[in-house]
Structure formats: C-alpha cells, structure tokens
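K.L.:
Read top to bottom, the protein sequences are chains S and E. When we follow the working numbering, the leftmost residue of the first sequence carries the number 1, and every step to the right adds one. When we follow the working numbering, the leftmost residue of the second sequence carries the number 1, and every step to the right adds one.
The set of hints was computed from the structure by calculation and includes no laboratory data. Any given hint might turn out to be false.
Where chains are identical, the list cannot tell them apart; a pair therefore holds if satisfied intra-copy or between any two copies.
Lysine to any residue pairs mimicking SDA-like chemistry, simulated, CA-CA at most 20 Å apart [to be verified]:
{"no.": "1", "residue 1": "K130", "residue 2": "T146"}
{"no.": "2", "residue 1": "K213", "residue 2": "I25"}
{"no.": "3", "residue 1": "K130", "residue 2": "N233"}
{"no.": "4", "residue 1": "K117", "residue 2": "I144"}
{"no.": "5", "residue 1": "K130", "residue 2": "D225"}
{"no.": "6", "residue 1": "K327", "residue 2": "S315"}
{"no.": "7", "residue 1": "K130", "residue 2": "P153"}
{"no.": "8", "residue 1": "K47", "residue 2": "T65"}
{"no.": "9", "residue 1": "K213", "residue 2": "S26"}
One letter stands for each residue in the lines below.
There are 2 protein chains.
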Amino acid sequence: MKQFSYTVMLILAGLQVLAQRPPAISSPDVHADHRITFRYFSRTASKVTLSGEFLSAPVKMVKDTSGIWSVTVPPVTPDIYPYSFWVDSVQIADPNNTYIFANERFKRSIVDVPGDKPLVHSLQSVPHGKISYEYYHSETLGSIRTLLVYTPPGFNPNGKMKYPVLYLIHGGSDTEETWTKVGRANLIADNLIAQNKAVSMIIVMPYGNVRPKPMADFTADVINDIIPFIEANYPVIRESKGRAVAGFSVGGGQTLNIGLTNPDKFAYVCSYAPYTGTDEFKKNFSTWSPDAAAMNKQLKLFTISVGTEDFLYESVKQNIAMFNEKKLKLVPFIVPGGHTWMNCKLFLANSLPQLFK
Amino acid sequence: MKQFSYTVMLILAGLQVLAQRPPAISSPDVHADHRITFRYFSRTASKVTLSGEFLSAPVKMVKDTSGIWSVTVPPVTPDIYPYSFWVDSVQIADPNNTYIFANERFKRSIVDVPGDKPLVHSLQSVPHGKISYEYYHSETLGSIRTLLVYTPPGFNPNGKMKYPVLYLIHGGSDTEETWTKVGRANLIADNLIAQNKAVSMIIVMPYGNVRPKPMADFTADVINDIIPFIEANYPVIRESKGRAVAGFSVGGGQTLNIGLTNPDKFAYVCSYAPYTGTDEFKKNFSTWSPDAAAMNKQLKLFTISVGTEDFLYESVKQNIAMFNEKKLKLVPFIVPGGHTWMNCKLFLANSLPQLFK
Numbered sequence: 001m002k003q004f005s006y007t008v009m010l011i012l013a014g015l016q017v018l019a020q021r022p023p024a025i026s027s028p029d030v031h032a033d034h035r036i037t038f039r040y041f042s043r044t045a046s047k048v049t050l051s052g053e054f055l056s057a058p059v060k061m062v063k064d065t066s067g068i069w070s071v072t073v074p075p076v077t078p079d080i081y082p083y084s085f086w087v088d089s090v091q092i093a094d095p096n097n098t099y100i101f102a103n104e105r106f107k108r109s110i111v112d113v114p115g116d117k118p119l120v121h122s123l124q125s126v127p128h129g130k131i132s133y134e135y136y137h138s139e140t141l142g143s144i145r146t147l148l149v150y151t152p153p154g155f156n157p158n159g160k161m162k163y164p165v166l167y168l169i170h171g172g173s174d175t176e177e178t179w180t181k182v183g184r185a186n187l188i189a190d191n192l193i194a195q196n197k198a199v200s201m202i203i204v205m206p207y208g209n210v211r212p213k214p215m216a217d218f219t220a221d222v223i224n225d226i227i228p229f230i231e232a233n234y235p236v237i238r239e240s241k242g243r244a245v246a247g248f249s250v251g252g253g254q255t256l257n258i259g260l261t262n263p264d265k266f267a268y269v270c271s272y273a274p275y276t277g278t279d280e281f282k283k284n285f286s287t288w289s290p291d292a293a294a295m296n297k298q299l300k301l302f303t304i305s306v307g308t309e310d311f312l313y314e315s316v317k318q319n320i321a322m323f324n325e326k327k328l329k330l331v332p333f334i335v336p337g338g339h340t341w342m343n344c345k346l347f348l349a350n351s352l353p354q355l356f357k
Numbered sequence: 001m002k003q004f005s006y007t008v009m010l011i012l013a014g015l016q017v018l019a020q021r022p023p024a025i026s027s028p029d030v031h032a033d034h035r036i037t038f039r040y041f042s043r044t045a046s047k048v049t050l051s052g053e054f055l056s057a058p059v060k061m062v063k064d065t066s067g068i069w070s071v072t073v074p075p076v077t078p079d080i081y082p083y084s085f086w087v088d089s090v091q092i093a094d095p096n097n098t099y100i101f102a103n104e105r106f107k108r109s110i111v112d113v114p115g116d117k118p119l120v121h122s123l124q125s126v127p128h129g130k131i132s133y134e135y136y137h138s139e140t141l142g143s144i145r146t147l148l149v150y151t152p153p154g155f156n157p158n159g160k161m162k163y164p165v166l167y168l169i170h171g172g173s174d175t176e177e178t179w180t181k182v183g184r185a186n187l188i189a190d191n192l193i194a195q196n197k198a199v200s201m202i203i204v205m206p207y208g209n210v211r212p213k214p215m216a217d218f219t220a221d222v223i224n225d226i227i228p229f230i231e232a233n234y235p236v237i238r239e240s241k242g243r244a245v246a247g248f249s250v251g252g253g254q255t256l257n258i259g260l261t262n263p264d265k266f267a268y269v270c271s272y273a274p275y276t277g278t279d280e281f282k283k284n285f286s287t288w289s290p291d292a293a294a295m296n297k298q299l300k301l302f303t304i305s306v307g308t309e310d311f312l313y314e315s316v317k318q319n320i321a322m323f324n325e326k327k328l329k330l331v332p333f334i335v336p337g338g339h340t341w342m343n344c345k346l347f348l349a350n351s352l353p354q355l356f357k
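Chain S with its partners taken away, still in its complex shape:
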C-alpha cells in the first residue's frame, strides 16, 4: 500500500509538471512575404502588447477563445530584430522562442526575417568557421574569464599560416556571446571570406563589462591578459598590422581607449556608435594631444560608425569633430538607423573587408 501511494504520488507529481506547462504554440512565425505572427498564451492577462525594434510603437495582441494572444505585423525589412511581450505591466521574452538576446539585464527574444536573397549574416552553404568558448586567467582582474574565438574555415592550428586577429567587443550589459548570438559575427565573416571580400582572420570576443572601471581595467585585461593568451594558443601575427579592435556602444568607447592609447599594438581601430560619456573617457581624451602624423602612419584604418537616428548620434559627431581637430585621419561611416544590433551587423560587414589588407 505504501508503495502504491508512493507511485500515485509520483504520477500526480508528473501530471502536475505537465499541467503547469502552457500549450506548445508556434511563435514567431515568419511568413514568406516578411510578415511575422507572434503568439502568447495567457488566460488571465488583461492586455498583451508586442514591442520590437521593427515597430515604431508597441502593438496590441488579440486573444482568441483558447487564450492565445496573437498579432501579425506587416512585412518588415529582412534582418534580425529584438522583441518582447508586455503582459499587463511585465516585460517578457517570448516563451516559445528559443533565441534570447544575450544580455545581462534585458531578457528579449530575437526574430530572424530572412531576405529573398541571402543577407550578409545569413547561414549559407559556404565553408564555415567555428566558435570556441575558452577560459583564460586574467591577472589584471584576478579571475578565470570566458572568451569566444572564431576561427575561419580551413583553420589549421599547427600550420605555417599566421592569422590576423580582430578583437571585437560587445555593448554595455551585453555579454561575450552577443556578437555571435545577435550580431552573427561568425556568419558575416564566413560569408565575406567565401566571397573573397574579407581575408581569413581570427575574431576574439571577450567579456567587456568590467566594473567599476570599464575603460582602464578592461584595456589592461585586453593588453596584458587576452592578447598574450591568444598569442600563446593560436598561430597569429604578433605585430600591429595583424591586430584590429572593434566594439559597439560602451564597447565602442573601450575600442577608442584600447586602440588609440596603444597604437603600437593595433593598426585597425573600428568604433561603432561609441558611448564616451564617462569620466574615464574625458580624462583620457580631453587633454589628449597625440602626434597625429605618427599615429596616422601607425593606423591603417581608424573608423567611427553611427546611425543618424542613434540617440548617441550628436555625441558621436562631437567625437568625430574632436578627432578631426587633433588631425587624426578618421573615416566616418554614417548610415540611417538607431543604436541597434541591426546596425552593428552593418558596421561589422563594412569593416571586415577593410581589415588586414
């Protein structure tokens, strides 16, 4: 009898687990004409809305008799977009979508709207590199940390070929995974390499959210820990002509700090929509007087990218003016769009063909 009760208890526990599961519904459904249908199940919510970076304003979702809320949005420009649901006053990722925007604070989902022709970030039948997750020990920060390393198709760790390296930094509150999970840096590289537009390179994606001093301490981590780790473990070019640094937002500010305070180490500096409103940045750059001629010789490419609807646009324009005043050769890349990962992919796809040539 005891055994029987125990069995019944287990079955009830199992049923309880199953009962807690909402029905499996399909969301998002991306249609061939680029409309997207979003669905969410709730019998109790009084209002559900969809927010997404493909929308200018949130849209209401409508509940059917089975408790499934849905909305179909008109065709959107093919790209990868973050979105979330607001269930009454709670913002959530789409429970039925596996793909989460890798971020420390925002739990949003991402939807991939494929183009009629493959986009620069699309998964295509071309040779693929791989992404490796590695641990390294940071003396600077006193901890074991993670970084991601993209190695290109045909990479041979023991061959004679020495690879150039792009150090690629995410935005504030992003993680070391955001450049691949959301930015598709690996697929952009695969595609551009397959088209002979970019050279074979290694891309290192570290974790940049170092607090309280993201500029100084992360710069030290990159220079004193990450670069030596990569150079000890990968066949790479050990001169500035074989090193680039790029980054977005807070990472764009870090890029300026890392690259411009170490021009002997990086011949390529690509800053995307940099956030430079920190005391650290002001301290390092307000009274900065570089030897412009020498630096212009050292830097093969110094570019700053930004979208005209980016909320940092005015600030980035001031950065550009400041570097122009200091007579640095700077290539601006100004495009439409906001402070988004749609633009990040565009910025990276614009930079890669200019690196290591």
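Go by the hints and put chain E onto chain S.
P.N.:
Same frame as chain S, but now just chain E:
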C-alpha cells in the same frame, strides 16, 4: 532650428530608452552560508513569488518602498538550480540574471550555489578544454545544423593521439547548449580528467529535437551524418570501443534507441531518466529480441540512471525490468532526486570515469 529640434528629439528618445530601463539590482545574491537573496523590481505587480528547484513550494517575495520585491531563502545544498519569478500570473526569468536555462519553451534563470569545497562541476584552476560551436550538413534532415564539440585540455587536432568520443544528448525542449550551459559537461570533464578519474575524450553535443520522429530520424542523423562529420574533422577512434552515447529524458530514450539498435557502433550506452512513452520506442523494443550474449559482449557498459523522486521513476524501473528480462547486462544507478539537471550532472559525473577504459 530644424537641426535643433532633431537634436532635442534624439535626446528625448535617448532619455526614453533610459527611462524604460528598470533600476539595476543585484539578483540572485548567493551568500557564503548558501542562503540566496532574490530581487525583482515592479511598482505595479500585486504579487510576486519565487519558484525554484531548491524549494518544495513557491515562496512569496516582499516589496519595499522603492518597488523592489525580495526574498532570502534558507541555506540550500550547493548545486546549480533553475528558478523563475511569478509576477502576478506571468512566469519570467530573472531580468537581472545573465544565465538563462537553455530551453525551447521555458525561460527560467539558473543560480549556481558554490560548495565550501569545489563540486565536480565547479570552475577550478585546472587545465580547461574548450567548447566549439560547429555547423554540419545533415543529409538525413536536409538542413545545416549546429552541434557543440568539447575537446579536452591539450587536444591536438593533428597529433598521433586518437580520441574516444561521447555523443551526449539533451532532454526534450532543451537545446544543444543545455549540457554545457546547465549541465556543465565541459567542466565536469575538465575536473575528472584533471583528477585522472576520466580519460581525455571528445564530447559531441548535438541538437536532438527532431520532429515528428525523434527516435528514428535523430538516430539516422547521428549515425549517417554526425558521426561521419566528427570522424572527418577530428582525430578520433573509429571503432565501437571508442564511442559512447548518453542522454537525458527524451534524449535518454534516444540513447537507448541509438545505442541498442547499433551495438556495433557504441560500446557504451548511458541512459539518464529515459522517457520511453513513445509509439516509436514501443515499436522498436516491445517485440525486440536481441542476442543477449552477443550484445553483452559488445557492450562494455550499459547503464540506466534515475532518481527515486523522478516522475518517470516507475517507468524507468519497468525499462530496467524489461532489459533484465531480455538478459542484457545492465548497471542501474539509482539515486535520490527528481527529473532534474542537478541529477543530470551527477549521472554524467558517474558515467565519465567508466568510459573508454
């Protein structure tokens, strides 16, 4: 004036972005005595509760005057646990926690409670292998798919050493990332290899949620696509003595199907809390009459693990009885606990030392 208005508009848009951001709060905070404090910000919720696999029932969180809901739970046994918040009737991941349980349907967070001494899955100062994300083309499924490959410390792709391979499968609705992100398979392997308890091996983690036929089609994918891809790209042993298959829940059922219908290919079959309630499983095994003597010779290890509080416990006991009836040599590994990833780590840590010896 137009320029000025535009600038003001951008600043307002920026402020709006900032205003939407809830305050950055710390959650979860794991204390030295293994208590954990969870926090969530909402001014509008009328009730917030915490659910977690370290709790026997959800606990209420309490709001302070600033809108931060919190609760501190008594000391929990060191391990990695999934948890979520219920905000009124909406289940969400902890917005302030980066670590999400990799899953197609449940968006929960995970909290890592370290032990006073390192646990078998703890990040320690030992040599680390790496995890690579790779694409392969599945002829069986007609698509480009992702898999993860753990290579052990000191792995040399071009050396003389040929490595054994464990094919390790997640549960239903999990993803190819769950065994590393939640199960820490890579750190368990690093630690057991460092202690000379496990041999150096490669661990391949494919994506197993193949629908509508997860048994037949995924088995074909593993045998006809994944194994050939690994053997073409990694220096591995190409005989059954160098191949193991293991998996949890739906993946545990797939493990039985893959391993026992291909005993010439796998000498090690490790099934964890298998879900075998499918017509496919019944079809393959109800009238199955293996040559037990031959199979017992081929299989160096056939083990089934389960927790006594697992809602599949009775079903797994029936599986074990069925295989016993068929005279297969089977090593059961029965422990306390439920259908959880806490037990998955334990099952894997129990299997690894028994493989390839």
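K.L.:
Give a verdict on every hint.
P.N.:
Tested hints:
no., hint, result
1, K130 - T146, "both (16 Å within a copy, 10 Å between copies)"
2, K213 - I25, "between (44 Å within a copy, 19 Å between copies)"
3, K130 - N233, "both (16 Å within a copy, 12 Å between copies)"
4, K117 - I144, "between (42 Å within a copy, 17 Å between copies)"
5, K130 - D225, "between (23 Å within a copy, 18 Å between copies)"
6, K327 - S315, "within (19 Å within a copy, 75 Å between copies)"
7, K130 - P153, "both (7 Å within a copy, 18 Å between copies)"
8, K47 - T65, "within (15 Å within a copy, 26 Å between copies)"
9, K213 - S26, "between (43 Å within a copy, 18 Å between copies)"
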